[in-house]
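Required output: the full structure, derived from the provided sequences and hints.
Chains as they are written, first to last, in the working numbering: chain A, 1 to 201; chain B, 1 to 221; chain C, 1 to 252; chain D, 1 to 60.
Treat the hints as calculated values from the structure; they're not laboratory data. The reader is advised that the hints may include incorrect statements.
Stated by the list, open to error - Calculated pairs, EDC-like style, for lysine to aspartate or glutamate (alpha carbon to alpha carbon, straight line, at most 20 Å):
id: 1; chain 1: A; residue 1: K136; chain 2: A; residue 2: E88
id: 2; chain 1: D; residue 1: K39; chain 2: C; residue 2: E233
id: 3; chain 1: A; residue 1: K148; chain 2: A; residue 2: E70
id: 4; chain 1: D; residue 1: K39; chain 2: C; residue 2: E235
id: 5; chain 1: A; residue 1: K136; chain 2: A; residue 2: D162
id: 6; chain 1: C; residue 1: K242; chain 2: D; residue 2: E55
id: 7; chain 1: D; residue 1: K39; chain 2: C; residue 2: E246
id: 8; chain 1: C; residue 1: K242; chain 2: D; residue 2: D58
id: 9; chain 1: B; residue 1: K19; chain 2: A; residue 2: E88
id: 10; chain 1: B; residue 1: K19; chain 2: A; residue 2: D162
id: 11; chain 1: C; residue 1: K119; chain 2: C; residue 2: D50
id: 12; chain 1: A; residue 1: K136; chain 2: B; residue 2: D77
id: 13; chain 1: C; residue 1: K242; chain 2: D; residue 2: E51
id: 14; chain 1: A; residue 1: K200; chain 2: A; residue 2: D162
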Amino acid sequence: MLTATGLSCVRGERRLFAGLDLAVGPGEWLHVQGENGAGKTSLLRILATLSPPAEGEVRWQGEPVEVLAEDYRRAMLFLGHHGAVKEELTPLENLTLAAQLDGFELDEATALQALVRFGLRGREDLAVRFLSAGQKRRVLLARLAVRKAALWILDEPFTALDVKAVAMLSGLIEEHLAAGGMAILTSHQSMPLPNGRVLKI
Amino acid sequence: MSAIIAIIRRDLLLAMRRKSEVLTALFFFIIVVSLFPLGIGPESALLRKIAPGVIWVAALLATMLGLARLFAPDHADGTLEQMVLSPTPLGLLVTGKIVAHWITTGLPLVLLAPVLGIQFDLDTGALGILVLALLLGTPLLSLIGAIGAALTLGVRGGGVLLSLLVLPLYVPALIFGAGAVESHISGLGAGGHLSLLAALLALAVFFAPWATTAALRIALE
Amino acid sequence: MNNPIIQWFKYGSPQSFYPLAGKMIPWFWTLAVAFGLAGLWISFFVAPTDFQQGEGYRIIFIHVPAAWMSMFLYIVMAFWAGIGLALNTRLSGMMAQAIAPTGALMAFLSLWTGAIWGKPMWGAWWVWDARLTSALILFFLYIGFIALQAAIDDPRRADKAGAILALVGVVNVPIIYFSVKWWNTLHQGASVSLTRAPSMATTMLWGMLLMALAFWMYSIAVSLMRVRAIILEREAHTEWVKNLPEIQGKSS
Amino acid sequence: MNWGSPAEFFAMGGYAQYVWSSFGVCAALMILEPILVRKRQSSILRVLRRERQAERLDSQ
Chain A
1 MLTATGLSCV RGERRLFAGL DLAVGPGEWL HVQGENGAGK TSLLRILATL
51 SPPAEGEVRW QGEPVEVLAE DYRRAMLFLG HHGAVKEELT PLENLTLAAQ
101 LDGFELDEAT ALQALVRFGL RGREDLAVRF LSAGQKRRVL LARLAVRKAA
151 LWILDEPFTA LDVKAVAMLS GLIEEHLAAG GMAILTSHQS MPLPNGRVLK
201 I
Chain B
1 MSAIIAIIRR DLLLAMRRKS EVLTALFFFI IVVSLFPLGI GPESALLRKI
51 APGVIWVAAL LATMLGLARL FAPDHADGTL EQMVLSPTPL GLLVTGKIVA
101 HWITTGLPLV LLAPVLGIQF DLDTGALGIL VLALLLGTPL LSLIGAIGAA
151 LTLGVRGGGV LLSLLVLPLY VPALIFGAGA VESHISGLGA GGHLSLLAAL
201 LALAVFFAPW ATTAALRIAL E
Chain C
1 MNNPIIQWFK YGSPQSFYPL AGKMIPWFWT LAVAFGLAGL WISFFVAPTD
51 FQQGEGYRII FIHVPAAWMS MFLYIVMAFW AGIGLALNTR LSGMMAQAIA
101 PTGALMAFLS LWTGAIWGKP MWGAWWVWDA RLTSALILFF LYIGFIALQA
151 AIDDPRRADK AGAILALVGV VNVPIIYFSV KWWNTLHQGA SVSLTRAPSM
201 ATTMLWGMLL MALAFWMYSI AVSLMRVRAI ILEREAHTEW VKNLPEIQGK
251 SS
Chain D
1 MNWGSPAEFF AMGGYAQYVW SSFGVCAALM ILEPILVRKR QSSILRVLRR
51 ERQAERLDSQ
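Right under this line is the structure:
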């Protein structure tokens, strides 16, 4: 259960939002909407503990996230604008190395299976820089699938994805929610997923 | 611990895929050192005298070249964000990255230094001290440099600014490093210099990853 | 967090500090001028001629205070920066930023006067004397701090990054100073030293002390002036700045 | 008193150029710095006053 109370965010001299409350429970997801520059990304970065809020606090399972620190980060997965994919490495290497940095071993079979699921068969050993933008995002989707995290924080996960990949991602999120996971995401598209709520900022 | 090893392996793998960058810094080092005799003259007594200083200054500059790319690529593609959010403490990951930086830029300099020392007519004992001093000194350069690299991350004119911030902090390493070889040559013994260098290294091992971590968090905020 | 000192730092807000600084500035200027006049009087009219260095040694009366202030201001700057980093207060970062240019000026003055003193004494404008060399590196450290802050657009981030640099610098300054001294003795540098030169007469000490006090008061006064400007620049869009009498004044 | 005449004072026992260039530069910079800071202060004040005035005109 993720709750946030009285969040406010100041960028430079501008106050982007103030007094923001939100709560996401198991099996629920939150769709953050707002105009460009309204502070959607800033909100997600605050929830992911990348930047501290100007006011307010974020709690995970009732405890402040700063106190939980590593425990919270283990339960949470954040995907930002940048792919967090290394261009020089192959999709397979990217997956296994990311897993090691996250503190768990990923065996090759599982990694391969995830890559195949997202249509990267035959691309496992090709450096990512030879892949198209959409294929790069698919590597990320594979990462979502292998990393066991209770809370997903996704910033614009649908950019650069084709229709098929959008369906795959929606399916993935649905599976995640059905298993009791939580998700917070920004997107310009509306998403036909159950248990969703919309937060407008 | 396994995360440290993982990040070192990752950075070494990346360096292997971008060999040209590592080699560029190395050849820069060789060329800078080789230019000095051309500018000063081939008189071997003089060359012997300036050798430690020249090799050390070239080592400082060569380390600087790699520093700008210590965190910048990871920052640009978002992997740095993931490191901050990783359950592994950021300080450990940063230490791993610094170790990898040293292996790709510092260690080759240490290994090449004797060859360059021969160009400057240094005797075997002095070469040994030179290698030892560089072995203690180059990790220090990587550690201090990492702070500067983290501070200038994503900042306008970062590269030039980085040298402005870091080079003054390199002064003690330069003095004790080059001084070790000089005092050995002049018969005073290099022990004092080397132990001071080791003390600085010990201090930096504790202090630098902490400062770098703090700077990285600020850069990502 | 109930410590009253911490509370004081937390609520030492720009808003309440701005008018307070305005009131303090004239006092520090008065003190600076008074100490300066007394110091100049001693340095030119009371302190006797040095038998070894003639009248040239009188440069000491500004060289040493400038050198002292340049080191002292770096520590003060790092102190404020550290407070700002630890307690996340707005004012401390502004203080650190306001002190830096004055500190750089002091480092520059100690270099300039040291070089000029060196010409008649050593016969060269620049001698790699331990004190001058450390002053040069200190000057670089100040320039680095100012350049880093200038390069970062977001003032809060600039404060924090500057704070880390200042703290790293303050740990390094003694190491640098020591290493340069060591290097200097190894290479048998200049044997005449500016401060050790004449048998330090008490009048000379007094002269230096008064000048140092004058420089100190000057630094406080200028830093306070600068911090007021920085406060206005950063808080330009807050209500309290809009309601300041000097902004309301003219048209009403 | 060290000096017999003003001329002697200004000659500084032959060190005039060194002593006066030190003290001169020091004085010049220490006068210049507050002037520059003052300028910075008054320029930000001018901007703020103008903004305030514009706001007032806007609300009328």
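Now for the hints, and whether the structure bears them out:
no. : hint            : in the structure
1   : A/K136 x A/E88  : holds, 12 Å
2   : D/K39 x C/E233  : holds, 13 Å
3   : A/K148 x A/E70  : holds, 15 Å
4   : D/K39 x C/E235  : holds, 18 Å
5   : A/K136 x A/D162 : holds, 12 Å
6   : C/K242 x D/E55  : holds, 10 Å
7   : D/K39 x C/E246  : holds, 15 Å
8   : C/K242 x D/D58  : holds, 15 Å
9   : B/K19 x A/E88   : holds, 11 Å
10  : B/K19 x A/D162  : violated, 35 Å
11  : C/K119 x C/D50  : holds, 17 Å
12  : A/K136 x B/D77  : holds, 12 Å
13  : C/K242 x D/E51  : holds, 9 Å
14  : A/K200 x A/D162 : violated, 26 Å
Hint compliance for this structure: hints 10 and 14 are not met, and every other hint is.
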